[in-house]
Structures are given as structure tokens and as C-alpha cells.
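Respectively, the protein sequence lines represent chains A and B.
In terms of my numbering, the first sequence is numbered consecutively and its last residue is 204.
In terms of my numbering, the second sequence is numbered consecutively and its last residue is 569.
It is worth saying that the hints were derived from the structure and are not from the lab.
Model, not experiment: these values are computed from the prediction.
Any given hint might turn out to be false.
[Stated by the list, open to error] Short, incomplete list of chain B residues facing chain A, as computed with Cβ under 8 angstroms:
#1 Glu177
#2 Gly232
#3 Ala235
#4 Gly239
#5 Val301
[As the list claims (entries may be wrong)] Here are the computed distance ranges between Cβ atoms for each label pair:
#6 Ala376/B - His90/A: 40 to 48 angstroms
#7 Asp305/B - Gly99/A: 47 to 55 angstroms
#8 Gly492/B - Arg115/A: 52 to 60 angstroms
#9 Gly457/B - Arg115/A: 25 to 33 angstroms
All residues carry an ideal CB built from backbone N, CA and C; glycine is no exception.
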Amino acid sequence: MSERFFPNSMPAPLADTITLPWWEAAAEHRLVVQRCTGCAHTRLPPAPVCPQCRSEDSDWQEVSGLGEVYTYTVVHRPIAADQELPFVIAVIALEDAGGVRMISNLVSVAPEEVRIGMPVELVWEDMSEELAIPRFRPRKTDG
Amino acid sequence: MNRRRAHLVGVGESEYARWGRIGDVTEHALACRAIKLAVADAGLSMDEVDGLASFAEDRNEAVFIAAELGLPALRFGNMVWMPGGGGGCAAVANAAMAVETGQAEVVVVYRSLCQGQFFRFGAGGAGTDQPADPKPATVGQADSLLMASLGFAFPYGLLMAAAAYALPTRRHMHLYGTTSRQLGMLSVTFREHASRNPRAVMGGRPMTIEDHQASPMIADPHRLLDCCLESDGACAVVVTTEERARDLAKRPVQILASEQGAPKGYAFGPFTNANVLDDLYATGACEEMAGRLWGKAGLGPADVDVAQLYDHFTGCVLMLLEDYGFCGRGEGGPFIESGALSWHGGSLPTNTHGGSLSEAYIHGLNHVVEGVRSLRGESTSPVKNAEVCLVTSAACVPSSALLLGRR
Numbered sequence: 062m063s064e065r066f067f068p069n070s071m072p073a074p075l076a077d078t079i080t081l082p083w084w085e086a087a088a089e090h091r092l093v094v095q096r097c098t099g100c101a102h103t104r105l106p107p108a109p110v111c112p113q114c115r116s117e118d119s120d121w122q123e124v125s126g127l128g129e130v131y132t133y134t135v136v137h138r139p140i141a142a143d144q145e146l147p148f149v150i151a152v153i154a155l156e157d158a159g160g161v162r163m164i165s166n167l168v169s170v171a172p173e174e175v176r177i178g179m180p181v182e183l184v185w186e187d188m189s190e191e192l193a194i195p196r197f198r199p200r201k202t203d204g
Numbered sequence: 163m164n165r166r167r168a169h170l171v172g173v174g175e176s177e178y179a180r181w182g183r184i185g186d187v188t189e190h191a192l193a194c195r196a197i198k199l200a201v202a203d204a205g206l207s208m209d210e211v212d213g214l215a216s217f218a219e220d221r222n223e224a225v226f227i228a229a230e231l232g233l234p235a236l237r238f239g240n241m242v243w244m245p246g247g248g249g250g251c252a253a254v255a256n257a258a259m260a261v262e263t264g265q266a267e268v269v270v271v272y273r274s275l276c277q278g279q280f281f282r283f284g285a286g287g288a289g290t291d292q293p294a295d296p297k298p299a300t301v302g303q304a305d306s307l308l309m310a311s312l313g314f315a316f317p318y319g320l321l322m323a324a325a326a327y328a329l330p331t332r333r334h335m336h337l338y339g340t341t342s343r344q345l346g347m348l349s350v351t352f353r354e355h356a357s358r359n360p361r362a363v364m365g366g367r368p369m370t371i372e373d374h375q376a377s378p379m380i381a382d383p384h385r386l387l388d389c390c391l392e393s394d395g396a397c398a399v400v401v402t403t404e405e406r407a408r409d410l411a412k413r414p415v416q417i418l419a420s421e422q423g424a425p426k427g428y429a430f431g432p433f434t435n436a437n438v439l440d441d442l443y444a445t446g447a448c449e450e451m452a453g454r455l456w457g458k459a460g461l462g463p464a465d466v467d468v469a470q471l472y473d474h475f476t477g478c479v480l481m482l483l484e485d486y487g488f489c490g491r492g493e494g495g496p497f498i499e500s501g502a503l504s505w506h507g508g509s510l511p512t513n514t515h516g517g518s519l520s521e522a523y524i525h526g527l528n529h530v531v532e533g534v535r536s537l538r539g540e541s542t543s544p545v546k547n548a549e550v551c552l553v554t555s556a557a558c559v560p561s562s563a564l565l566l567g568r569r
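Looking at chain B on its own, in the form it has when it is part of the complex:
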């Protein structure tokens, strides 16, 4: 038995609110608070924490957080290089690698996101109350490869993630006959799950499929209710060794396998890359990675009792289901329609917290939190005897995933 095998032993979450609503507490303070809550949930002392990890260019850099929390030493600080929402599971995987190799003993993975205190993601920095630059007359300087590639998206008005991820979803609809109603069933299902979750921002707002169909079109086929929330909040997860986990009060959750990556030629994915290979374009681009994940764990889709799938947009969840083999390519729509994802008797209860669509958008780290809760029996929509939970990060960007198991 590998005594250093990584386990998840604590979770912490701030209050979650709509974008811009948490104004009296800084994003920075929320990061500290979530870390404190997670360490307390683990039954550990902050003095045992010696590593910090995050993703998506979190603004709350590890070296400052370490000093502010009074960590006796910082032995591991990691920022994932998978873009944005593709990196949450990778941050946990990197933390796991640190403890398993003896680089650190206790690593806290965190994400704090209060977009209202800075600017909105996916809006390209443009304020819609601002008139357009009257002289978009010359080519500006790109200060990174990402900005240079966005240079081939911005001039066409492609700034919003809602528009970018509509592109592969529209192609999926063209190839396979996927419908807006099928996408809407995802929104309705996750909203229903959120109704039992006191933390969920949309917990008190029931949604019917007619509500979804009537919601305003943002970027066809994405309606408002196909798009994730924009939230303020922070959450954190504690990773430590099997040996340390053994003495803790709550049942530790084992990381059975982790994977991260992108297939050939993917770059940033369809937001800026029109040349994603044809057989990848109308997919989440996670199929290869998913195969490695299953192989490492010696498990398959049928072994998963509950899933927390990154839901920035409904179409991306659908493509994840196909990539991970829960249904065949092109069959995601009927699979969703069958009720498979519902906590009420579905074969694959998914996003039992309500997801990014209905709980909060903390870039998917809250999906890791819910994965831990699911396997501890602490979810507000608990799946009896759940032993295996799949958690994924975002489709349609370089991604990552975790297979979690109950010890």
C-alpha cells in the first residue's frame, strides 16, 4: 500500500453570490477564508499546510496567501497552464503529484473569483455601455500567444465565450440533429438539483423546459439558460497523503486517477482555433484523455455512480458525455432526454449541486468540492452507496479530469 497516495480530506466554500454582489469582502479575503474553511473541515491545523495550488491565472498568488495565512513554510506553489476552466482538476492532480512525490505534505487547491471586482470573463474586456472605439484603425500589439490568437477572433466580434462555444455546438446539431430542447433538459435537471442546495445561487428559482425555451437568445443556439452563472465566491480542497488522511475524522476520498491535456493541434480550442481537426471539432476534445483516465483506473463509464461535469454551456456537457463514453458519439441529446442525468432515478446523476449553471461559477473547483461531498454522503442530493465519482473540467478547451473513489 502506497502510504503517500493522495487523498482529498477537506473542502471549504464561501458564500456564493451573483456576479458583483460580494462587494464588501475582497476576492483576496474570500480566498483566505475558503482555505481556512477547507483546512478546518479536514481537521488539520493551518500550520501543517505547506503547498498551495490554483489555476486559471487566479489573482491571489500563492506566495502572498502563504505569508498571510502564516504557513511555516511554502514548499510547493503551482499554477496550472491549461486555460481557464480546463484546469481545475489539473490543479488537484498537480497537488496530488506534489504530496505523492514528497514535495509537500498538505496542499490546498483554491479558486477565488469575484469578477465584479475586476471585469467580466468572456466579455473580452469591452463594456457594453461603452461606445466602440471610434478608431479601431490599426493593429494593436499582442503581448502573449493567447492575445495574438484572439487577434483572429476579436475583429469579428468574437469576444464572448457564449458565442465561441456556440460554434462547436451548432456543428454538433448539424451533424447529429441535437436540439435546443435536449440542451435545455440539462439546464432543467441541474436547476432541480440546485433546489435542494442552500448554497446554490439559483436554488430558489425553479426552471421548466418552457422557461429555458423562452429565455433570450445570447449567441445562437445558446440561450441565457444554456449559459453558466457569473458568480462571486471562493472554494478550496485539501490534498494530503494516505498516511496523514488515516487519522482524520472524515472519510477521505481517494484520487483513483487523474489526467490533463489536449489532443493534437488543439491550441486554445474553438474560441480562437478554427482549425481544430474535423473529427474533434464537434466534440469536447476529451475522448483521448478520457480513455487514458479509464485505463489508469481500470474502470469504465458503467462504474461511475455520480458525475460532476463542468457545465460552462449545455452543449459542452453533452459533448463531455460522449467523450467519456457514457453514450455514443452523436447520441448525447437522446441520452439527456432519457433522464439519465437526473438524481431522481437516473443512471448517471450529474451535477448534484446544480453545477455552474445553477450553484455557482467558481471555474469548476466547486465540482471537485461536490465530488468529495458525494462520496462522503454529504451532498444535498446524495446518491446512495456512491463509490466512484467522475469530476471533469471544461470541454472545448485543453482539459483535465479526476476519478474519485471512496476508501
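Here chain A stands alone, though its shape is the one from the complex:
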């Protein structure tokens, strides 16, 4: 099992038939975006139709998990007892994902150090044997 960032909290995800494959990929530690086979437009959350060309055909493109912080908030109020506080929610602009962004958390960083534009990398948190959630941490850069 991975490092635990939120051992005491965080609600479970909810999914339907269309979005479940994304969570199944996550359980295998694969971060994916949905890609239209008609026009290669990428999208999240998963949907049955492409908003660009309206094709119903798609596949899953695995992405590197590199990105940068697009925006964030530092939460100071608990959502459950024993909530780890404060914690950071961020929108991450993913690299090599066709411009797709996703909501996640920033971990392994002091909240006051977070900046829009900060380069980040993916780190998986195994919540159980069956469920892994992608979080992001500052990317280690050379020099």
C-alpha cells in the first residue's frame, strides 16, 4: 500500500456506468483522460459523447501525471471528525492531456507555499485494496 495522506477522512467516490472505468484505471494506478476516437479531443469527467464532434466512440489515454496548479483553496473546516487540517484542494492543469484539468489535492507541501503555476507530479494514495485516489505534490526539479 502507498503512503497515506488522508487516513482518517475523505468520502468515497461515486460513479455511474460512464465514469466507472476512470475509477477502475485509478485502482490500477493509471491516470487516464477520455479521448474521442473521432477527433482526438480529450475530456474529463468521462461522458458518452464528444462535445466537439459528437462522436460516441472514445478510448482512454494514460497521462504522465505531470501538471501545474491552475487554482487552489486551503480548507480550514473539517468535513468529518479527525479530518486532517488544513488541507489543500487544487485544480491541476495536466501536461500531455490535451489541456484537460482535474480537481485533486496537493500533499507534501505547506499550504502557504502553494502557488498558481507551481509544477506538480502525481502521487497515488491507496485508500483500500480496491480504491486508489490520485493526489499531487510539488514536482522535484533539478538545479
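Take the given structure of chain A and dock chain B to it, following the hints.
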């Protein structure tokens, strides 16, 4: 002259109280009470009401309310499909469409919200006194598209609206240098307006900018005093035709134009949609809709004498001001700082009742009520000779708006 043109002719409000405080009267009873008050204010008989409209999945469904109030017939029942606080003006617009097309003669728009009797909005259903589910081990079933999209927010602890709408506000601060103090000026201004409003839950609690800056951080940059109240209460507005309105005692208020909608790719907005287009993200997403509203009415921002802007969070009000063209994109902070929104000499007195930040949070239908009062000269912070009032619903979700005029 179009004799069926829709007008607002009556308003009714229950007592407003803090969340959970109205325990002895049900949310359901308050809905009936507010409707009765609005119909009485209009000088109409309940027997003339033949339509009911609401929004935000109001729990008090029209068919039951109609039967309980003894309406001779129900010819129009409408629930807006714009989410939550984005739908109040749309409910009025839908009621207007019903009377203008002859579907109904008198439609009452209502909202009753006693969250303490059910559960708190924006808290995702989680009780903070409950320990976390010790086994958030598997993916649960989403029973709607909204729940499936929230599935991409919940696992990251994104449950509170205060956190969700902090995301675009933080980006606005990054892009334009907007400050927490500028946001706080909104809270202070609306609180001052509430000081003259006996209905305002926070009417007796003056606020300075230092109070705002000292208030606890909820989800940065949102401090407690950047966030709207959580209230119990109900209000209602009566919509009827110009012809029916003519004979009524109080001056009717005309709907000059209405709009509702969302721009391309918006879905629910930033609460669940990380992929709002970049040039929309740090905005209220109402700019396109606002342009249509002005165009239909043949008016512009300079024609507005008083505004009632949905204020779930201060940053969202700021973005609404920019969307509607009261100031340039990115200039909302300095515009607020200039005192423009203050009843004391501002160019755009705003939320003269105190808003959701200081009067009560009835999902913005109380802003429609105050809009009607403003144009009748009944506001507790009256703007002399006010002829045009802009009322908006929530920014950062699919939204709606009304331009009201004095006949």
C-alpha cells in the same frame, strides 16, 4: 400594448432566522404562509392563483401546495432546471412566460428553506461530528449525472460550496490582484444596509472591515464573513398580467427582460467542472447572458438605479459586477473599494436588504422580493426615483437574471 405582459404584483416573506432556529413551524407550513402573504400583498384572492413555480429542488412540491391552499385549479407547475441558487430569477421568468402565453393568470413563485429541519446545503451531507467512514473502500453508485460529477469532487474533500467557489476567486486574485479587503468591503457594505432592515438576521450586528479580516478562514480566501448566511425562512412573489395588475392597489413592477443559461461546456460550473474554459473560469460565467439581457431591454449598466445581486460568496458578487459590465474585467476590486455599491451615495446601491450575506439565505428569491420593494419605494434603504432594478441569481453556476422596471 401587450395586455398579458408579466408584472410582479405581490411579495411575501416569513420571519427569517438562523439555520435551525425555526423549529416549531415546518418548512412546508412556511411555504404556505409566504404564498398567502404574497397573495394578500397583491390584493388578490387565493382563488385567483392558478400557477406555482419554484427552483432548487424545493421540497414543497406544487401539486401538494396547490391542494392545501385550495386552488380552484392548477394550470402551471414549474421547477427550474438551473442548479440551486442559479435558478431564482429563472423561476420568475418561467412564471412570466406562463402568464404571457395564457397558460395561467396568476403564478406564485416561492422558495421555502429550513435546512435545519433536513440537512445543510454545501456540507455534502457529511456531519462534522461524525467520524469518517472507516472504509471509504469502494466506489459508490451515483444516481444522477450531478452525483457522478460530484464523484470527481468528493474524494478530494470538496464538499463545501465555500471551498468550491474559492477556486475561481483565488484565480481572480492571481490574475488581477484582487484582495481579501476588497472582498470584505462587500460584506461590510451589505451589513450596513441590513442595519436598517428589521427582517435581516444580522441586522443588529454591525461589521467593520477589521471584523471581516479577523473572521476565521473557512476555505482560503473565503473567511466566515465572505460566506452567506444559512437561514430558515420562506418568501414568495406573485406574477400576473398587465391587465390584471392594472386594478391592484400597489404599483406593479414590470419585467423588462429576463434571461437564464450557461455558456458552452459549463455543466455545473467550477464546483465539479475543472474544465470550464480558461476565459470563463475566473468570471461568474454570466457575461454572454448579461449581453442578451441588456440587448432585449434596450438598456445598459448605466441605466440601473439599484441592484440585487446574488451573494453566496463575496468573490462571486465581484465577478457578477464584471460580467454585467458595471466595471471592466479584473476591475471589480477597485470598483467595490470606491464605494459604488453603498446606499450612502454609491453609483450602484446593491443589496439594499443586506443580501444573503446579511438579510437571509433564501436562495436569492429574497433578492427578487427586495427588487420589487425597491421599485415600489418600500425598501428600508430606498433609492429615490429608482426606475430600473437588476436582480441576478448566482454566479459560477448556470444562472438567470431579471431587469425590473417601474411602470
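Evaluation of the provided hints:
1. Glu177: violated, 28 angstroms
2. Gly232: violated, 42 angstroms
3. Ala235: violated, 39 angstroms
4. Gly239: With a closest approach of 29 angstroms, the glycine 239/B hint is violated.
5. Val301: Holds, about 5 angstroms.
6. Ala376/B - His90/A: 40 to 48 angstroms: holds, 44 angstroms
7. Asp305/B - Gly99/A: 47 to 55 angstroms: About 30 angstroms separates the Cβ atoms of aspartate 305/B and glycine 99/A, which means 47 to 55 angstroms is violated.
8. Gly492/B - Arg115/A: 52 to 60 angstroms: The hint (52 to 60 angstroms, Cβ to Cβ) is violated, given that glycine 492/B and arginine 115/A are roughly 35 angstroms apart.
9. Gly457/B - Arg115/A: 25 to 33 angstroms: Given range 25 to 33 angstroms: holds, Cβ gap about 29 angstroms.
In the structure shown, a violation is registered for the earlier hints numbered 1, 2, 3, 4, 7 and 8, in ascending order.
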